[in-house]
Amino acid sequence: MSQSDQAHSTRAGLEVGTKRLVFAYIVSATAWLVVGTAYGLIAAIKLYWPEAMEYSVLSFGRTRPIHTNVVLLGWSSMALMGVALYVISRSSKTSLYRPGFARAGLILWNICMVLTVITLSVGLTRGPQEYREILTPIMVLYAIGLLCNFYTAYQTIARRKVPEVYVSNWYIMGAFCWLATIVVIGYLPFYQNGMGNIVIQGYFMHNAVGMWFTPMVLGITYYALPRMLGKPIYSYALGVLAFWTAILFYTLIGAHHFIFSPVAWWIQTTAILFSVGMMVPVWAGFGNFFLTARGSWSRVRRDYAIIFLLVGVWGYALSSTQGTIEAFRSANIYWHFTNFTVGHSHLAMYGFVAFCIWGFVYGLIPKITGRGPSQAAIGFHFWLAFLGGSLYVVSISIAGILQGTSWVAGESFIASVDAAAPMWLWRSIGGFMMVFSHIVFLVNLWAMRPLPVPPASEMVEATA
Amino acid sequence: MSLHTQHNQLIGIAALLFLILSLVIAVLPAFEAERTPPLSGIEQLSDEAKRGRVLYLEEGCGYCHTQFVRDLPVDKPYGRGSVPGDYALEVPPLLGTQRTGPDLANVGVRQPSEIWNLIHLYNPRAVVGTSVMPSYPWFFDTKAAADEGDIVVPVPEAFKPDGQAVIAKQEAMDIVRYLQSLKQAEVE
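The listed protein sequences derive, respectively, from chains E and S.
With our numbering, the residue at position 45 of the first sequence is 45, and numbering never jumps.
With our numbering, the residue at position 73 of the second sequence is 537, and numbering never jumps.
Do not take every clue at face value.
What the hints assert, rightly or not - Which stretches of chain S does chain E cover? Using the computed rule of at least three CB atoms under 8 Å from a CB of chain E, they are: (1) 525 to 539; (2) 550 to 561; (3) 589 to 600; (4) 629 to 642.
Stated by the list, open to error - Anything over 10 Å on all C-beta distances counts as not near chain E; from chain S, calculated: (5) N472; (6) A490; (7) V491; (8) K514; (9) E522; (10) P566; (11) E612; (12) G613; (13) A622; (14) P625; (15) D626; (16) E650.
Note that these hints are calculated values from the structure, not bench results.
Where is the CB? At the ideal position from N, CA and C, for every residue including glycine.
Chain E on its own, in the form it takes in the complex (with noise of 0.2 Å):
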């Protein structure tokens, strides 16, 4: 970035530069997602529809993990990284510090993704191990890529302009921290035949999630509630509390993804207990939310940025008490191995998630870039994604629940299939709905870029 990018600040405090970084991050992580659902999709299509599209780089067992990894790296990783900036930039009062190691974070898993997507499409992979199946060279370069991001994001925090680091850089700082570790856990060589790759892959693909996105999204939203609805969180202390039971209770209890297997029973009744510990981080971190909300509903009904949001934590309560429920070896035996676990990272992932996502861009970048779409295109882009991902998660929660009902009541397998197939149709129509408003948010976000860089006469006048 040069000198003159770095003198001339916006209105709300952000150089050209970081503004344009935080806005290619967004795009990618966009056109990933288009990418991504679409994939998801085609998998969904082929579930009632077997002989669609019948060519190996296109069948099921390839693209789901393209569907999984993209949408889990490309979009959400991504998005959440460019978020992240533009909050520790802002809340720390000063600009991003050396943001060309960001800047090669971002080309870097740019090049990741278009590798992830190629090798996974030909079948080189470390197998079905959910979210460990890219190659191990190619995850090393992630990590690289996610410690350039971490350097600028941490120097950032360390030069700010406010004594006190803010509770949204906790958790961001928190989330770099623990997603290096836990790939770093993940990857080793060490453990990786019959048992001790199980203990390692529950711990690995729960805390990829919990420990990654659920921070991230928290932290963000812990700078941009309050910033969208013009007034300070409820509770500071309460973020505090659900920052460090998250680390106590959420590393825990990866091995519910394993109840009833042969890892070590000890592992699994402590991942149960910890899953009902859970609920403290989850429900501070939503009554905080919400409590901040309260009040404000005159607002929030005239804003779908903020509607998006609070969707969005909405989804992180439901979600992760349903998984606490999940977690129960009574419950365990009717859902688990069923689709209502595909429900149940739906909810999460997209109710969560890309639901808070869209909250933040739709609420801040405008903010930063001056202009935005209309509160009729996001709201077009609210109820398409609102509809379709409701009718994606209760039709495939039905699919499991049949599933879990068929097996139980002793049925042959196949009964269980035919039983589902009708709610496969209905998942691939939500499906549908959820990658057209996909659509409609490029568009939406292609709205919000950042103008080309003013003349320099008028930057004098805005510095002045």
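Based on these hints, arrange chain S on the given structure of chain E.
Okay, now just chain S, sitting in the frame of chain E:
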């Protein structure tokens, strides 16, 4: 002094706490679990079956098929409850988290037929009418007449190209050999 103003101590404690908990709940138990000896009845995979297992990974079969039987009445059709010794030799083990299709931990006992497996792999709907499993036609050749030594798959007429013979490629045989090898060993 307060953590609220000391970013390095704040993040240091948060990272260290997470690392310690990770070591306790994941890393140390993983090293411990890895030392489980395999069941003595487990047979080494043949070369064909080994290649079949690689194809099983590449095609993502494990996203829909578990190899993990819980010791519960609902899982009785699939065999006995899985034990750590079942997986000791597997890299990676294929327990799985979804059963869009049935469990395969003991499928070599339940469905040993080579012909059934080949037809099923070519087009699952040829043997299970409402199956949603993908077909794998790329593991087969079709030609007007089979040559000597070809493995001709007796696919029902409605499911194969008119007047063509369906021939299993080596890959199809490898996968079938792998599926036939999936037999739960005796727990001693």
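Would S:P625 pass as off the interface with chain E, using Cβ distances and a cut of 10 Å? holds, 13 Å
Mind verifying the non-interface call on S:E522? Its CB should be farther than 10 Å from each CB in chain E. S:E522 not clear of chain E: closest Cβ-Cβ about 3 Å, inside 10 Å.
Would the non-interface assignment of S:V491 survive a Cβ cutoff of 10 Å against chain E? Given that some Cβ of chain E is not farther than 10 Å from that of S:V491, nearest at about 6 Å, it is violated.
Would the non-interface assignment of S:N472 survive a Cβ cutoff of 10 Å against chain E? Non-interface label fails for S:N472: nearest chain E Cβ at 7 Å, not farther than 10 Å.
Is the claim that S:A622 lies outside the interface with chain E correct, judged by CB distances over 10 Å? Per Cβ check, S:A622 is outside 10 Å of chain E; nearest 13 Å; holds.
In terms of beta carbon proximity below 8 Å, does the region 525 to 539 of chain S have 3 or more residues touching chain E? holds (count 10)
Outside-interface status for S:E612 - nearest CB in chain E farther than 10 Å: Non-interface label on S:E612 holds, nearest chain E Cβ at 29 Å vs cutoff 10 Å.
Is the nearest CB of chain E more than 10 Å from the CB of S:E650? Label holds. Min Cβ-Cβ 16 Å, cutoff 10 Å.
Can we confirm that no CB of chain E comes within 10 Å of the CB of S:K514? holds, 14 Å
Verify that the Cβ of S:G613 lies farther than 10 Å from every Cβ atom of chain E, and report whether the claim holds or is violated. Correct as stated: the minimum Cβ-Cβ distance to chain E is 25 Å, above 10 Å.
Counting residues of the region 629 to 642 of chain S with a beta carbon closer than 8 Å to any beta carbon of chain E, are there 3 or more? violated (count 0)
Is the claim that S:P566 lies outside the interface with chain E correct, judged by CB distances over 10 Å? violated, 4 Å
Figure legend: structure checked against the earlier numbered hints; hints not met, in rising order: 4, 5, 6, 7, 9 and 10.
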